[in-house]
Structure formats: structure tokens, C-alpha cells
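K.L.:
Keeping their order, the protein sequence lines are chains A and B.
The first sequence maps to residues 1 to 511 in full-length UniProt numbering.
The second sequence maps to residues 1 to 145 in full-length UniProt numbering.
Please note: incorrect hints may appear among the correct ones.
As the list claims (entries may be wrong) - If you want the footprint, here are the derived chain B segments under chain A, 3+ residues with CB under 8 angstroms: (1) 85-92; (2) 125-131.
Said to hold, decoys possible - Chain A stretches covered by chain B per the calculated footprint, using a threshold of three residues with CB under 8 angstroms from any CB of chain B: (3) 471-479; (4) 484-495.
For the record, the hints were derived by calculation from the structure and aren't laboratory data.
The C-beta atom is built at its ideal place from N, Cα and C for all residues, glycine as well.
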Amino acid sequence: MWRRAICMAVAVVLASAVTAYAQKPSPKAEPQEKWRSLPQKKRPAVRAPIELTAAVTVPESEPNDDAANADAVTLDSDMGTGTIDPAGDEDWWSFTATADEILEIDVDASEFGSQLDPILELYASDGTTLLAGNDDFDGLDSRIIFQVSSTDTYYIRIIDFSGSGSASHTYTINFNTTQPGPGDPPVTIVSGLDQPFGIATGNLGNLFVAETGLDRIVNVSLTGAVSTLAAVPEVWGALAFDVFGNLLATSENGNVYKVMAGSATPFITDLVIPFWIARAPDGSLWISDIGNPAIHHYEPDGSFIEAMDLSGTIGTVGPIGFSPAGELHASTGADLYKLVDGVWQAVITDEPFMWGFSFDVNGNIYLSNPQQGGTILYSPSGVRLGDPFAFLFDASLANAFGRNEDGTWNNTLFGTDIGSGNVIQFNSDGVLADGLPLGPSIESVTASMAADHLFGLGGLTAAEQNTLDLLGNDNGAYDLGDFRAFLVATGVLSGSLSATVQALDPTGNRR
Amino acid sequence: MRKGTWILATVLTIALGAGLACDGDSTGTNGGNGGPVPGSLIVSLTTPNTDDGAVQLTVSGGTIDGVSLATGTGYRFFSHESSATSFSIIVAGDIAAGPLASISVPDVNAADSYSAALVAVADRSNQIVSPTTGYALTVTTATAQ
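With the hints as extra help, turn the sequences into a complete structure.
P.N.:
If you want it as C-alpha cells, here you go:
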């Protein structure tokens with residue numbers, strides 16, 4: 001599912017981005033099966049049907065096959081009805097919008113049993129400049145949310161995905177405006193990247209972004225300056241730091257790479273298609289494998305611990321992460337689960353297609369979901385708090401909280417837009433709390449520091465001691481065995497940490 | 001020189017030489033006349049196990065000029081000078097019985113005044129070894145081990 005979902009999401013996201021969408025092949029040239037084979041999507045449980053606000057029904061009047069012959073409607077008042085008939089027919093609508101208004105144009109067809117698989121496009125006043133497009137927002141039906149920059153006439157074009165048409169290709173279309181979400185408006189931090197996807201925050205507040213189109217990871221400074229960190233073959237979904245401060249990246253070629261000193265080397269190589277990485281409270285690494293219905297668990301040094309087979313439970317999962325309670329959360333694409341005492345419990349259900357998510361310190365979940373309208377905010381128990389949180393930037397597949405220059409976490413939230421090539425920052429006013437620190441870190445600990453602490457000189461923080469203990473013998477105190485484990489994990493000593501592995505504890509706490 | 005005088009001188013020379021040799025130390029370090037002989041002492045481990053992975057110890061006694069890893073061991077070595085007469089040491093690796101550390105002292109003849117104490121032992125699975133029954137540390141002169 002994730003492979004197809006990725007393809008679809010990228011395509012959908014591309015469809016949401018003007019430039020990329022304009023480059024999309026003609027719908028008629030697109031293999032229909034590619035889209036038809038995707039799981040059917042359902043309407044969000046919370047979002048109210050938009051058409052309820054419409055009061056006046058405006059039937060289409062053929063010919064309305066271009067901007068010049070568009071049927072005029074009024075925003076927040078009219079609901080249009082029409083039929084794509086015959087094959088190849090296209091219907092155009094026009095309306096006037098005021099500068100800064102946020103349009104929410106929603107077409108319903110398949111939902112009511114129509115044969116139409118609508119594609120929706122928004123054009124500027126010249127009738128030719130494509131501003132936005134969408135396919136399959138709500139099942140096969142489409143929706144566009146777009147903030148206009150000027151008071152002007154705008155045009156909507158509706159066509160069938162496969163170019164077919166008949167008297168059974170009926171639809172209704174709602175022309176509404178809406179209010180921005182609490183995380184809106186976004187601010188573009190970086191533009192011009194080639195399909196940015198995975199994102200992680202460095203300890204100086206800088207961002208690391210997987211630029212999948214160029215097979216590299218870039219470093220984005222606090223001032224927005226972009227530089228290449230390292231080339232990573234087929235890098236894509238996830239970036240994460242291990243406890244030592246090394247950046248890890250998943251690759252579509254099956255490897256997880258470790259980036260050190262500007263170069264990437266294979267770090268974990270026993271997965272089929274590694275997708276997402278989550279660092280547990282004990283510093284161990286959990287990696288989802290979309291080539292298998294499994295999550296694999298590794299020591300901080302990459303030593304394999306064991307695999308959690310999901311084939312009999314929740315199936316293949318994509319993005320994963322740990323909540324403040326230390327509970328592993330995993331997304332199947334449509335549902336988000338958490339693992340409690342070895343049992344998967346549903347947190348969010350029936351909301352395809354969920355992508356990357358981040359927790360704030362209170363456990364609120366900021367979940368990227370382009371097809372649900374952008375980024376959705378949920379309580380720790382899965383209740384929608386923002387509806388959505390932010391949708392003016394509706395193409396995010398991954399997000400990450402920001403950090404200050406001193407490494408502390410703050411309430412800035414960033415997202416990558418694989419379609420437009422942008423990295424954006426959400427409106428911090430809508431973020432409920434600071435970001436959840438991503439697990440323990442001993443990146444500043446050296447062997448000499450670790451030894452000196454055993455010599456009674458101090459120097460290690462309580463958190464660092466705890467992390468070293470978890471890395472080592474996990475007996476509740478930092479000791480000589482933990483020091484040895486640290487030497488092994490950092491390559492000072494040869495050996496493996498796997499000998500210290502205890503029974504799998506999905507909460508990440510082995511005690 | 002008369003023949004008898006020459007013979008006497010030869011005998012005296014041999015006798016003096018023999019006397020010097022008998023007065024010297026066993027390491028061959030020439031302190032001469034019972035004075036201090038700078039050199040190294042070796043701290044060695046006795047262990048009942050074969051999977052020791054790290055040893056923490058202290059050495060103390062008289063003045064210690066410095067400590068270092070025993071040559072030829074290949075272990076990793078960490079130390080801290082607690083005072084002029086005491087050092088803390090950690091040796092890590094696939095530890096085996098035998099030399100762990102070398103102690104530079106101002107007088108190897110005072111080896112008996114130095115001692116080493118075991119602080120902790122970890123095995124190669126990073127577990128703390130407890131109790132440490134059967135473990136011992138000895139301090140000897142460099143050539144007496």
C-alpha cells in the first residue's frame with residue numbers, strides 16, 4: 001500500500017502544486033488502473049459536508065466548455081450542478097473572489113454514485129493560468145483550497161479523469177470561502193528544492209531535508225541558507241538522529257544510511273524497503289519496512305534486536321514515532337495505532353492518507369495529510385483539535401518541530417512540500433506546545449568525559465547517564481559496563497551491543 | 001710497574017668492578033650506591049574469568065610520575081591523576097590475565113610501597129562482575145613479572 005500510496009501522494013501533491021500539476025500528463029494518457037487501484041478514501045468524520053452552506057442551485061448551461069463561456073456563480077451562495085457529457089466534455093464556472101479570500105471549491109460526484117471521476121482545476125482571470133488542481137480528495141471526488149492574492153474573476157474547470165462522459169457523469173459543485181486554520185498562514189523558508197521529503201531538526205536549530213530529486217540531504221540554516229550535507233543514494237522518507245548525533249536516512253534501495261563527515265555509508269542493510277525511523281526513549285532505533293509488514297528494532301549502533309511482524313495485526317506501516325508516554329505510534333496510511341503492553345490500539349481511524357507526524361510535549365499529534373486538506377491536529381487520544389490545523393499549505397508529507405540555537409525545542413513546526421519544492425514553517429501561534437524532544441542524546445559525550453565521570457569527576461548530566469545506562473547494561477546506574485558499551489557503540493572498541501539485548505519492549509523501556 | 005704491583009692493581013680493579021655490579025639493581029638501571037632508581041612498575045591482573053571486558057582500578061603509594069597502558073596489550077586506556085600519589089585507571093578491551101598498566105615512579109626499589117586496588121570489572125557483555133572473588137592486582141618491577 002505504501003508504495004502505491006507514495007506514488008499517489010506524490011502525484012496528488014504534485015497536482016496541488018501549480019507548476020508540477022501543469023506538468024502532469026494528460027489525464028487521458030494516465031493509466032487509469034494506477035488510480036483505480038488505490039484504496040477508496042472516505043470523507044473525514046468530522047469535517048461537515050461543504051454543500052450544506054449552499055443555498056442557490058445553478059445548473060450548468062452548455063456550451064460552457066471554456067473560460068469565455070463559463071457559468072457565473074456567487075461564492076458562499078451558489079451550488080452548481082452539471083454533467084460531463086459527451087466524452088471529452090469540460091465544464092467551466094466563474095466567480096469573483098476578494099483578495100486574500102480562501103477558496104474552498106468542492107465537487108461531489110462519485111460520492112453520489114455518479115460515473116464521473118472529476119478533476120478540478122482553478123484558473124486565474126486570464127482563463128489560462130493554472131493556479132491549483134486536485135484529483136481524488138474525497139474518494140474519487142476532488143477539492144481545491146486556495147488563497148487568492150487579488151480581487152478578480154477566477155475560473156473552475158471540471159473534466160473526467162479518463163476523458164469519458166455520459167448522462168450518468170453528473171456532479172454538484174460548491175463554491176465557498178473558508179477561514180484559515182490555526183497553523184496558517186505558512187511561511188516559506190526554502191524554495192526551489194527538488195522534491196523535498198524527509199525532514200529532521202539539528203541541534204543548532206538548523207533543518208536537514210532529504211532532497212529526493214537530487215539524492216542528497218541538504219542543511220538549511222536558521223537564515224534559510226541551503227548547503228549540501230551529503231549525497232545519499234535514493235534517499236526518501238525519513239531522516240532521524242541516533243543517540244550519538246549521527247543523521248540517519250532511509251533509502252529506497254533498501255539501506256539505512258548513516259551520514260558522518262559529509263558522506264553517507266550503509267548503516268542498516270537487512271530491510272527490504274526501510275521507510276521511517278523512530279528513536280525510542282532508550283536510544284534504540286525502530287524502522288518501518290514497507291517491503292514487509294514489519295517494524296525492525298535495532299540497538300543504537302545498528303545491531304539487530306528483532307523484528308515485529310505485523311502481518312497478523314495492523315499490517316504494513318509507514319511513518320512511526322514515539323509519544324511523550326514512550327508509546328510507539330505507527331500509521332498504516334488510513335489509521336494510526338499505538339502499541340500499549342504489546343497490543344496495538346487505534347488512536348485515529350479511517351482518515352487516509354496519513355503521512356509523517358510529530359508530537360508536541362503534551363502529546364498532541366500534528367499529522368501531515370494532504371488529501372484531508374493539509375496538516376491535521378489531534379489530541380493524544382486522537383480527537384481532532386484543528387479542522388484542519390493548516391491547509392493553506394496542503395501538500396506536506398512530513399513535518400518536524402524546530403529547535404533553538406541552544407538545542408532546546410520550541411513551538412516552530414516545519415513541513416516539506418514535495419510538489420512545490422518548498423520547506424515551510426507553520427504559524428507558531430497555532431502550535432499548542434513546544435516540540436517533543438526526540439529521545440535521548442549523548443552526541444556531546446566523549447570517551448574521556450564518560451571515563452572521567454567514572455573517576456568521580458562528574459560531567460555527565462543525569463539524562464546522559466541514563467542514556468548510557470540504557471545503552472549498556474540497563475541496571476539503573478551509569479557504570480563501567482555502560483562505559484564499555486559506549487566504547488563499542490562509538491567504535492572505540494570492537495564488538496557488539498547485541499549481547500546486552502533483553503526482551504523486546506515496544507515502549508522502549510527495557511526495565 | 002713491577003710485576004707484583006701490576007697484579008695487585010688488576011686484582012683491585014676486578015674486585016671493585018665486581019663490587020659495583022653487586023651493588024647495582026636487578027633492572028640494570030644504574031642508581032648507584034643505593035640511590036633512587038627511576039623506572040616503571042607493572043600492574044598485572046589475575047582473573048578467574050575469560051570474558052573480562054573492562055577493569056577499573058586505582059594505583060597509589062609513593063610518588064607516581066605517570067601511568068600508561070602496558071605495552072603490547074592493545075587495550076584502551078583511560079586515567080586520571082587523583083593526586084601525586086594516586087591514579088585512577090580504566091582499561092577496556094578483551095581483557096586477559098597479565099599486565100594492564102605501567103606506572104612511572106621515581107624509584108623502582110620502592111615497589112613494595114605501591115599497590116593497586118580493583119574498583120570494578122565489566123564483562124564483554126557489558127555486565128558488572130560481582131562479586132570479584134578470585135580477582136587480584138599485583139604491582140611488580142618491570143622485569144620481575
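K.L.:
Decide, hint by hint, whether the structure agrees.
P.N.:
Hints, verified against the model:
1. 85-92: Holds, because 3 residues of the region 85-92 of chain B bring their Cβ atoms closer than 8 angstroms to Cβ atoms of chain A.
2. 125-131: holds (count 4)
3. 471-479: That given contact holds, which follows from 4 residues of the region 471-479 of chain A lying within Cβ reach (below 8 angstroms) of chain B.
4. 484-495: holds (count 7)
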